[in-house]
Amino acid sequence: MQPTRKRYGLKLKGGWAVTVLLCALVLSCAPAQTSRVEAAGLAQATTPSSGLVCTTSPDASFTLTAETGYISTPDGNTIFMWSYSPDATSFQYPGPFLCVNQGDTVTVTLKNTLPEDVSIIFPGQQDVLANGIPSQPQYLNGELTSLTTVAGKNGGTVTYSFVAKEPGTYLYESGTDIEKQTQMGLFGGLVVRPSGHPNQAYANSGSKFNPSTEFTMLLSEIDPDLHQAIERGTRFDITTYHPRYWMINGRSFPDTIADNGAAWLPTQPYGALVHMQPKSASNPDPALVRYLNVGMRNHPFHPHGNNGRVIGRDGSALVGPIGEDLSYEKYLVLVGSSQTWDVTYDWTDTDLWQPNTNPIPVTIPSQQDLTFKDSATWYSGSPYLGIQDELPVGVTSYNECGEYYHVWHSHALNEAANYDTGFGGMFTLQRIDPPSPNTCP
Amino acid sequence: MTKPPTSRKKLTRRNFISLGGGMAALAGVNLLPAMAKVLANPAPVQAAIVAAPPMATSTNIHLVGTDGWIYLPGPSSIVGDTPPRTVYPDPLAPGGRTTYIFGFRNVTGLSSTAVNDQKGKAQAPAPLLYVDQEADVRITLTNLGLQVRPDLVDSHTIHWHGFRNAIPLFDGVPEMSIAVPIGRDFTYYYKPHDPGTYMYHCHFEDVEHVQMGMTGVVFVRPAMNTPTQKYVYNDASTAYDREFVIFLTELWASAHYDDAHIQVSDWSEYSPDFWLMNGRCFPDTLQPAGDPLTIPGQPVLQYQPISSLVKANAGERVLLRFVNLGYQQHAMTLDGLSMRIVGKDATLLKGLGTTNPQIRNGADVSYETNTVYIGPGESYDAIFTAPNVTTDTTYLLYNRKFMYLNNGGTGTGGQMTEVRISPAGTLSPQAAPNT
Numbered sequence: 001m002q003p004t005r006k007r008y009g010l011k012l013k014g015g016w017a018v019t020v021l022l023c024a025l026v027l028s029c030a031p032a033q034t035s036r037v038e039a040a041g042l043a044q045a046t047t048p049s050s051g052l053v054c055t056t057s058p059d060a061s062f063t064l065t066a067e068t069g070y071i072s073t074p075d076g077n078t079i080f081m082w083s084y085s086p087d088a089t090s091f092q093y094p095g096p097f098l099c100v101n102q103g104d105t106v107t108v109t110l111k112n113t114l115p116e117d118v119s120i121i122f123p124g125q126q127d128v129l130a131n132g133i134p135s136q137p138q139y140l141n142g143e144l145t146s147l148t149t150v151a152g153k154n155g156g157t158v159t160y161s162f163v164a165k166e167p168g169t170y171l172y173e174s175g176t177d178i179e180k181q182t183q184m185g186l187f188g189g190l191v192v193r194p195s196g197h198p199n200q201a202y203a204n205s206g207s208k209f210n211p212s213t214e215f216t217m218l219l220s221e222i223d224p225d226l227h228q229a230i231e232r233g234t235r236f237d238i239t240t241y242h243p244r245y246w247m248i249n250g251r252s253f254p255d256t257i258a259d260n261g262a263a264w265l266p267t268q269p270y271g272a273l274v275h276m277q278p279k280s281a282s283n284p285d286p287a288l289v290r291y292l293n294v295g296m297r298n299h300p301f302h303p304h305g306n307n308g309r310v311i312g313r314d315g316s317a318l319v320g321p322i323g324e325d326l327s328y329e330k331y332l333v334l335v336g337s338s339q340t341w342d343v344t345y346d347w348t349d350t351d352l353w354q355p356n357t358n359p360i361p362v363t364i365p366s367q368q369d370l371t372f373k374d375s376a377t378w379y380s381g382s383p384y385l386g387i388q389d390e391l392p393v394g395v396t397s398y399n400e401c402g403e404y405y406h407v408w409h410s411h412a413l414n415e416a417a418n419y420d421t422g423f424g425g426m427f428t429l430q431r432i433d434p435p436s437p438n439t440c441p
Numbered sequence: 001m002t003k004p005p006t007s008r009k010k011l012t013r014r015n016f017i018s019l020g021g022g023m024a025a026l027a028g029v030n031l032l033p034a035m036a037k038v039l040a041n042p043a044p045v046q047a048a049i050v051a052a053p054p055m056a057t058s059t060n061i062h063l064v065g066t067d068g069w070i071y072l073p074g075p076s077s078i079v080g081d082t083p084p085r086t087v088y089p090d091p092l093a094p095g096g097r098t099t100y101i102f103g104f105r106n107v108t109g110l111s112s113t114a115v116n117d118q119k120g121k122a123q124a125p126a127p128l129l130y131v132d133q134e135a136d137v138r139i140t141l142t143n144l145g146l147q148v149r150p151d152l153v154d155s156h157t158i159h160w161h162g163f164r165n166a167i168p169l170f171d172g173v174p175e176m177s178i179a180v181p182i183g184r185d186f187t188y189y190y191k192p193h194d195p196g197t198y199m200y201h202c203h204f205e206d207v208e209h210v211q212m213g214m215t216g217v218v219f220v221r222p223a224m225n226t227p228t229q230k231y232v233y234n235d236a237s238t239a240y241d242r243e244f245v246i247f248l249t250e251l252w253a254s255a256h257y258d259d260a261h262i263q264v265s266d267w268s269e270y271s272p273d274f275w276l277m278n279g280r281c282f283p284d285t286l287q288p289a290g291d292p293l294t295i296p297g298q299p300v301l302q303y304q305p306i307s308s309l310v311k312a313n314a315g316e317r318v319l320l321r322f323v324n325l326g327y328q329q330h331a332m333t334l335d336g337l338s339m340r341i342v343g344k345d346a347t348l349l350k351g352l353g354t355t356n357p358q359i360r361n362g363a364d365v366s367y368e369t370n371t372v373y374i375g376p377g378e379s380y381d382a383i384f385t386a387p388n389v390t391t392d393t394t395y396l397l398y399n400r401k402f403m404y405l406n407n408g409g410t411g412t413g414g415q416m417t418e419v420r421i422s423p424a425g426t427l428s429p430q431a432a433p434n435t
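Chains as they are written, first to last, in the working numbering: chain P, 1 to 441; chain Z, 1 to 435.
Next comes chain P alone, as it looks inside the complex:
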């Protein structure tokens, strides 16, 4: 049963258009991730259509601006956000994925345009300095005011620095008014690559991956009531926290499968489509998926299609004291609040089914005996990878070249929804192309 769509609070019909309008009139949203990063004077390779978009810097020096903006949800809502943006002129959610190399001295300068103090903490990093002195919790009259040194409201600045000692996947997030500011969107991801091994997650060879298939699943939740309260300057009681939107890399499904930098999501530059090819002699290395949970809930994330191999957690490789492999496979990764998990994936055409020489030993019913849900499908019309076959008249296909699609989603299925509407939320797709050479665009 499809529930009827209800409207709450500031939900607006045609939110897509409304967001674009707001951007055009108010926020001067830049059209794409690449241009924003270039504007900040940072090195940026061509943005891939899917996969991790790294923000890098020759001297591992970054400037982030805490500012306000709006994002849109697939059900037409528009939500007021705060976030760390990589330049002063545009807004993006979440903050950029900062990629550095092990041993780099990382410098992050925070500029604050918000009407209250803001800061950044770097969980998992050691000996973080703030303005050159050790970062310390802040107190006023004996009361804790911030977990670290702040950039003062309305224009303050602070500079953090640390040596990225250990490779891995990390969060960075606000350390001030934390339950509010992190929920408002002040967070991002940090990737530290092992010295001399850009195609490994860690120093051990078991963490090798195909650099063209590196992905993030940055998991977050949104309670729109909190955001509305902040926008209106009213109080919000965090004990009433009740998320209604669940996101990956700052988007909810189906926006998650749109390209990185999709023009109709001007403030949400990061997609979450997992686009890869089968494991083969010419594609021997797996994809790497870096999970990060910035929410206050644990999220049980289920990749269909295959188990993943957990090779690291919270910036530590799963390697024993004498180098033994301690990795394990999971078909569900329970990513706890603030945890990071590094998981490699491949998909293997195990049984090499072929329509003529090795057919799947089961009869597939005629199309009139099957349901094509909502008259749209990602199905190729054939069970065989690389083959497209007939689909019923009137069914819209999103299949381009006989590729396979699997869903990856939170298995707390109430989170696989946009508010009250299913087939959304913390949900994305894995796309497996036929082996090269193929006809895929």
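Please note that the accuracy of each hint is not assured.
To be verified - Here are the computed lysine to aspartate or glutamate pairs in the EDC-like style, where the Cα-Cα straight-line distance is at most 16 Å:
(1) K121/Z <-> D291/Z
(2) K180/P <-> E116/P
(3) K191/Z <-> D351/P
(4) K191/Z <-> D349/P
(5) K165/P <-> D314/P
(6) K230/Z <-> D241/Z
Calculated directly from the structure, the hints in this document are not laboratory data.
Given the structure of chain P, go ahead and fit chain Z onto it with the hints provided.
Chain Z alone, transformed into the frame defined by chain P:
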């Protein structure tokens, strides 16, 4: 067949959102076509459990999807809000039962008349299935429709959760391939290469159909099994004598009531009232295993046939297959006994070997614990050795999240059962899981 023109265009957000609800237009759907089928090698006629002989090369299973009614012990009533209405016990529930469900039934080997007769008689949880590594497994799903909701023409699917290197056509996600309309059959094909504990569920409008009860356990027996010794994986450290599936779900009474009474639910308000172990709440969990084709000693439990009572002789190795298909996380504690976690998510807990990186014969990463913390969609394989008792001794297995240890807010209930250990030689060998 003439080749129909199909529209193949890239997804844009606008045309995605414009997709309406409801099914694909299917011209000329006739209700309930002939369902008699010739199964090459039908499994024994055992409605709750499919038992394949050791290392079957081919297994055929026939499931139906439909609706039904189950019994949950609880307070005199639970009143849902907005609007206030008595959501438990459901006033429409027949035969002393309380709660409306969607679910599956195993009808393998039944006549087509008998298959059709199971409409409106779904069980909770779905039938426990087990198959052998490398077998050709065919699971035919027949959608019988919903007895209580003839207006609701939902299709169903089977998603084998965790099946490795899956083919989308057999993965059961309707948007990624197809679903099975009312009155039709579809045969899913699997060749399982990896032993271990999995689960299966309908993926059609999953938030609803999973909560409504279309969930169960399937496990794959390893090639190393012999007629006299069972293993969880192809590894001697995983030998066991008896096995019990501990399948965990939650039930939100308002949503079940609303489905029976032609209302919709806002799933972001998910707030369960009951916490189930193998489809029952304590103390019903202790009742013996049944068969939905037979009225049991406690008649209201006819469609909740799986017992959670764990029984073993002193010295035996007992396997508990923990599976969670609720939306909450659970903390299953076994008081007074230590469990060894030998597998998770159908994977032996050994690191990759150094000689062949594809084989898990490296470092042992199994561990001892007395609490299994398990998220939705996870499975844990835990083995304990029954202590050397000389008289019958009882241990408790329960959810340490005490707020889930009640039935609709009353009593000690929910996800709890007993582990009863008898002196050596008391019980005869186990014939089937959970017996």
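Check your understanding: Holds or violated: are the alpha carbons of K191/Z and D351/P at most 16 Å from each other?
Key -> holds, 9 Å
Practice item. Take the C-alpha atoms of K165/P and D314/P, compute the straight-line distance between them, and say whether it is at most 16 Å. Key: Holds, at roughly 14 Å.
Review point. Is K191/Z within 16 Å of D349/P, Cα to Cα?
Key: holds, 12 Å
Check your understanding: Are K230/Z and D241/Z close enough, with their CA atoms no more than 16 Å apart?
Key -> holds, 7 Å
Practice item. Compare the distance between the alpha carbons of K121/Z and D291/Z with 16 Å, and conclude whether the hinted pair is satisfied. Key: With a Cα-Cα distance of about 12 Å, the restraint between K121/Z and D291/Z holds, given a limit of 16 Å.
Point to revise | Hinted pair K180/P and E116/P, Cα distance within 16 Å | key: Distance of about 12 Å is within 16 Å: holds.
In this structure, none of the earlier numbered hints is contradicted; all agree with it.
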